[in-house]
Amino acid sequence: MSTTTARDLARPAPAKASSAKPRRGLRGSATFNFWLFTGPFLIGLAIFVYAPILWSLWLSFFEARFTVTPDKFVGFDNYTYMLTNDDFVGSLGTFTVFAAFIVPTTWAFSLGLALLVNRLRFMRAFFRSVFFLPTACSYVAAALIWKMSIFSGVRFGLMNTVLGWFGIENIAWLADPNPPWYWLVIVSARLWLQSGFYMILFIAALQNIPDELYEAAAIDGAKPGWQTFRYITLPQLRATSTAVVLLLLIAAYQAFDEFFNLLSKTTWGRPPLVELYYKALGESQDYGAGSAGALILTVLICAVTLLQGKIMGFGRGDESK
Amino acid sequence: MSAMSSSNWDRRSVLRAAAGLAALGPLAACGSNNGRGGGSGSGTNLVQYFHAYGEPGTEQAIKRYAKAYKDANVTTQWITSADFESKLFSTLLTDNAPDLFEFHPQIQMVRSGQVADLTDIIDPVKDDFNPADIKSHTVDGKIYGVRMIDDPQFFFYRKSMLEKANVKVPTTLDELMEAAAKLTTPKVKGLYLGNDLHNVINPMIWSAGADTLDDKNEIAYHTDGVIEGLKKMRKLFTSGDLLLGAPTESWDPSSLNQGLCAIQWCGMWAMPQIQDALGDDWGIFPFPKTIDSGKQSVYNGGWSMFVNAKGKNVEAAKEYVKWLWIDQKEYQEDWATSYGFHIPPRTSIAEKATKLKSGNAAEGVMLFNAFGHFDNIGWTQAMITALEDVFANCVRKNMDPEAALDKADTAVNRELKKLFG
Amino acid sequence: MTTTMPEVHKSAPTSDKPLRVRRGGGVMSSTGLYIATGVAALLFLVPFYILVRNALSTDAEITGETWKLFPTDIQWGNISELFSDETVPFGQSLWNSAVVATLHTAGILLVCSLAGYGLARIPYKHANKIFYAVLGTLMVPTAVTFVPSFVLVSSLGWVDSYRGLIIPGLFSGFTCFLFRQYFLGFPKELEEAARVDGLGYWGAYWRVVVPNSLNFFAAIATITFIQGWNSFLWPLVIGQDPSAWTVQVALSSYMTNQTVNFHLIFMATAISILPLVFVFLFLQRWLVQGIAQTGIKG
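Chains as they are written, first to last, in the UniProt record's numbering: chain A, 1 to 321; chain W, 1 to 421; chain Z, 1 to 298.
Calculated from the structure, these hints are not laboratory results.
One or more of the hints may lead you astray.
The list that follows gives simulated cross-link-like pairs (lysine-lysine, BS3-like), each with its CA atoms no further than 30 angstroms apart [stated by the list, open to error]:
hint, chain 1, residue 1, chain 2, residue 2
1, A, Lys-72, W, Lys-216
2, Z, Lys-188, A, Lys-310
3, W, Lys-329, W, Lys-135
4, W, Lys-168, W, Lys-187
5, W, Lys-187, Z, Lys-68
6, W, Lys-70, W, Lys-126
7, W, Lys-312, A, Lys-72
8, W, Lys-322, W, Lys-295
9, W, Lys-295, W, Lys-164
10, W, Lys-87, W, Lys-417
11, W, Lys-295, W, Lys-159
12, Z, Lys-129, A, Lys-310
13, W, Lys-407, W, Lys-397
14, W, Lys-232, W, Lys-187
15, W, Lys-67, W, Lys-397
16, W, Lys-322, W, Lys-355
17, W, Lys-182, A, Lys-72
18, Z, Lys-125, A, Lys-310
19, W, Lys-135, W, Lys-397
20, W, Lys-142, A, Lys-72
21, W, Lys-355, W, Lys-329
22, A, Lys-72, W, Lys-418
23, W, Lys-182, W, Lys-235
24, W, Lys-63, A, Lys-72
25, W, Lys-235, W, Lys-168
26, W, Lys-63, W, Lys-312
27, W, Lys-168, W, Lys-182
28, W, Lys-87, A, Lys-72
29, W, Lys-126, W, Lys-182
30, A, Lys-72, W, Lys-417
Cβ pair distances, simulated, as ranges [stated by the list, open to error]:
hint, chain 1, residue 1, chain 2, residue 2, range
31, A, Trp-58, Z, Ala-133, 38 to 48 angstroms
32, A, Ala-46, W, Thr-410, 36 to 46 angstroms
33, W, Gln-60, Z, Ser-155, 28 to 38 angstroms
34, A, Gly-75, Z, Trp-202, 45 to 55 angstroms
35, W, Gln-275, Z, Trp-95, 31 to 41 angstroms
36, A, Leu-57, Z, Asp-59, 42 to 52 angstroms
37, W, Lys-126, A, Trp-183, 52 to 62 angstroms
38, Z, Ser-155, A, Asp-211, 37 to 47 angstroms
39, A, Phe-73, Z, Leu-281, 48 to 58 angstroms
40, W, Ala-362, A, Trp-58, 50 to 60 angstroms
Glycine included, each C-beta is placed from N, C-alpha and C at the ideal position.
Produce the entire structure from the sequences given, and follow the hints as far as they go.
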């Protein structure tokens, strides 16, 4: 008895091996296949991503002004310079304030849109498209519309026209930092551009919540509305929320375009990348200090991401695999 | 492509094959038209960079001059002004760098060996140039650039608006502030200095009797007069009489032409456009005295041609610069007066330029000569940025001027130390 | 395409899925719901309205003293003025953008999906380390490696060419990461069946995995296409000659020219957005479905 079972189970294996053997060799090896699949990507990554990063690392230890092939080694001077530079350190503060505001706001706003759209009976596709459409616009285009028309500081700006109806004087939204209206401009542009995309993520997640959960909750006497939202919907969205928060954090940290286009030549409202651009990369061409600042930033963002991952559990699933 | 080393070839072919993108090869080749081919003449190919001038016809003019040159094929890249520096500086680090380009004289380009010595082509005609334009391009006795045009910058005002508000042309900063207040109505602001006010930084310093750097290349802007000026600028900024948040910057006369403001800081280049829009209803005046002991001032900006010292065709590029910007006086006059108005740096051409002999243009030339301050080659980008930060911090934000200037001193001294030891 | 999905993924939602009435009601009446959504939608449309209004106006109307709801004389001539401007090759730049964005998308899908699959599914002892090396690149701000990258690409002789515009951008750590997350959730049984049929990793990938993942590929394709179309700084320095400009570069040249032509700027912007709007309207249902299956869930 036991032998037959064993033989039955064993039989397919030799058969498979024998049929595959002639064509096997390298092709069957997992290691070979691993490199076959990932090789092209990894080679490209090494050349076009890692080589420039290492180059920057090397530059950060040299006095590299107006050149990317410097010969004057300065040790950690560039790092000391960036770390003792008020503007650079201050920009980290700006980023923190910006992220602390924009991340929860975009999260709540896009979730709100998703909940609205998800409950519509008619014209659902229409509204979803309307909210999603801005994702198609570039920062260049959005900055143009915002700066030249909506928040232009003169009488033919849309906001100033609307305020004019109520007898309120023209406001220089971007030029005058006091009160800091420029945040309104930046935040509204970013919300307009980004919310639609995250809304789609939330809609997808909402549709994945099994109906049975709501049925069960109804039987348990949960009132539709806030209670079901708080105890069913929100916990079910946890995974998506975590991912959205992470994506928003990275996006906030990489923020450059709208600040660069909307707030030209200021000393305020400069997130780290803009600060680096002005201080060390753009016209000043101090690639040593620029690279040093960038690497400091990279270390910081790695630390923050790991911490965030620890707290919210993102990536925990990966390690088990 | 043939000039590429074989190791590059290997790397590239490996990469392309590995990425399975070999099929893209032919397509990629279609796109590798680098604009260097074509044109008349034979032999050397040269590439020149220009920032995009706003006046109609300028691009065609530059290309027309290039076409008339027989000894090399000169291709022009016309680059939008906001991106000009980032594009110029990043390409200067590579083999795709232009052979010649326009820019402002800044010493770090000389020190880092980016620009070639042009003394031998300029020296024979040195006396014909405005001495200030030679001085601002000279480092240790060598001349590194050929000035093409001088662009004085001053205030433009609407005569009718000043008359209506019973305002006289201001000669002191206090009078300017008063005028701005009187000229402001619900629809029109009194004064426009640009959204960031950066274009009036230097004039404000000069009009306070100070300077950016002194003859020994030491800080000269940190004076009581400048501090007083900064306080006045802050007052002006918060008065509500300044046009802020305009969609066009101050180098564009649109704000004045559209009636958004009564007085605007702009440059001589805009005169033809303003004439078209406003007829004779406009005049000009220099930056008024910041403090009573100061002197009115005008900023003499401009553009110069430089030759890339690390380019492949330094000699050919120098030949072209000599041909166009030294020998071809007709083109030089055309360039200075046919589109926007600029002052030719060559005395012999300036004397003949009839368009600059009458009306407001003549007035502009007079202000240029009487009140003008030229670029200082030792005043570099990092220092410019440091003073821009002063304006941002204590005029647009409410920082203490003394503290803001101290901060700028640190940045400027770091730069001075690197340049002059 | 959609019909094969339910077999693979337990819950493959479609946008047109019947409504779960149970979730509605309560907090907000149906009218209130529509008013709220409608107001939000109007706000989202304002920038598009401005774009169209300004694109079809004269400069005088745009900068006039009173706000005109819509131009009295619609200036269709602005379109031909835009395309006949000889200093900015706008038509050529649209074509360049289309080619670049399409090849960029195709290349990224190929390279990154293969790598994502390899990292997710093929056992290799250093796979995790390699994955973290890929993930690490997400943390490095691109603005920083920008100049070295440019010098490198330029030394390959790729300036002013499609390959210079396309190839350096293909190795996106983020897209690779998304693919890996997705393939981690792909049902093993299907592949194992394929292996039993004698297919190697390569064969199983192309014959089983890809055909069953088209929604996800479409989702990534949409996002990638938008990025390719909208990218600005890289095309700016790579496209030295106007013949190699992409539409964003052409657009910026209208914005930063010394004299501002409002109507041309807005017309150029409107036309630059138009192709994406179409891509979006056609692809967005796949996008929703694709995202529903992603590893984006975390």
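Here is how each hint holds up against the structure:
{"no.": "1", "hint": "Lys-72/A to Lys-216/W", "result": "27 angstroms, holds"}
{"no.": "2", "hint": "Lys-188/Z to Lys-310/A", "result": "28 angstroms, holds"}
{"no.": "3", "hint": "Lys-329/W to Lys-135/W", "result": "21 angstroms, holds"}
{"no.": "4", "hint": "Lys-168/W to Lys-187/W", "result": "21 angstroms, holds"}
{"no.": "5", "hint": "Lys-187/W to Lys-68/Z", "result": "17 angstroms, holds"}
{"no.": "6", "hint": "Lys-70/W to Lys-126/W", "result": "25 angstroms, holds"}
{"no.": "7", "hint": "Lys-312/W to Lys-72/A", "result": "26 angstroms, holds"}
{"no.": "8", "hint": "Lys-322/W to Lys-295/W", "result": "37 angstroms, violated"}
{"no.": "9", "hint": "Lys-295/W to Lys-164/W", "result": "28 angstroms, holds"}
{"no.": "10", "hint": "Lys-87/W to Lys-417/W", "result": "28 angstroms, holds"}
{"no.": "11", "hint": "Lys-295/W to Lys-159/W", "result": "24 angstroms, holds"}
{"no.": "12", "hint": "Lys-129/Z to Lys-310/A", "result": "19 angstroms, holds"}
{"no.": "13", "hint": "Lys-407/W to Lys-397/W", "result": "15 angstroms, holds"}
{"no.": "14", "hint": "Lys-232/W to Lys-187/W", "result": "24 angstroms, holds"}
{"no.": "15", "hint": "Lys-67/W to Lys-397/W", "result": "50 angstroms, violated"}
{"no.": "16", "hint": "Lys-322/W to Lys-355/W", "result": "25 angstroms, holds"}
{"no.": "17", "hint": "Lys-182/W to Lys-72/A", "result": "58 angstroms, violated"}
{"no.": "18", "hint": "Lys-125/Z to Lys-310/A", "result": "25 angstroms, holds"}
{"no.": "19", "hint": "Lys-135/W to Lys-397/W", "result": "36 angstroms, violated"}
{"no.": "20", "hint": "Lys-142/W to Lys-72/A", "result": "26 angstroms, holds"}
{"no.": "21", "hint": "Lys-355/W to Lys-329/W", "result": "16 angstroms, holds"}
{"no.": "22", "hint": "Lys-72/A to Lys-418/W", "result": "13 angstroms, holds"}
{"no.": "23", "hint": "Lys-182/W to Lys-235/W", "result": "15 angstroms, holds"}
{"no.": "24", "hint": "Lys-63/W to Lys-72/A", "result": "41 angstroms, violated"}
{"no.": "25", "hint": "Lys-235/W to Lys-168/W", "result": "21 angstroms, holds"}
{"no.": "26", "hint": "Lys-63/W to Lys-312/W", "result": "21 angstroms, holds"}
{"no.": "27", "hint": "Lys-168/W to Lys-182/W", "result": "11 angstroms, holds"}
{"no.": "28", "hint": "Lys-87/W to Lys-72/A", "result": "25 angstroms, holds"}
{"no.": "29", "hint": "Lys-126/W to Lys-182/W", "result": "48 angstroms, violated"}
{"no.": "30", "hint": "Lys-72/A to Lys-417/W", "result": "16 angstroms, holds"}
{"no.": "31", "hint": "Trp-58/A to Ala-133/Z: 38 to 48 angstroms", "result": "18 angstroms, violated"}
{"no.": "32", "hint": "Ala-46/A to Thr-410/W: 36 to 46 angstroms", "result": "40 angstroms, holds"}
{"no.": "33", "hint": "Gln-60/W to Ser-155/Z: 28 to 38 angstroms", "result": "34 angstroms, holds"}
{"no.": "34", "hint": "Gly-75/A to Trp-202/Z: 45 to 55 angstroms", "result": "49 angstroms, holds"}
{"no.": "35", "hint": "Gln-275/W to Trp-95/Z: 31 to 41 angstroms", "result": "40 angstroms, holds"}
{"no.": "36", "hint": "Leu-57/A to Asp-59/Z: 42 to 52 angstroms", "result": "50 angstroms, holds"}
{"no.": "37", "hint": "Lys-126/W to Trp-183/A: 52 to 62 angstroms", "result": "54 angstroms, holds"}
{"no.": "38", "hint": "Ser-155/Z to Asp-211/A: 37 to 47 angstroms", "result": "59 angstroms, violated"}
{"no.": "39", "hint": "Phe-73/A to Leu-281/Z: 48 to 58 angstroms", "result": "56 angstroms, holds"}
{"no.": "40", "hint": "Ala-362/W to Trp-58/A: 50 to 60 angstroms", "result": "57 angstroms, holds"}
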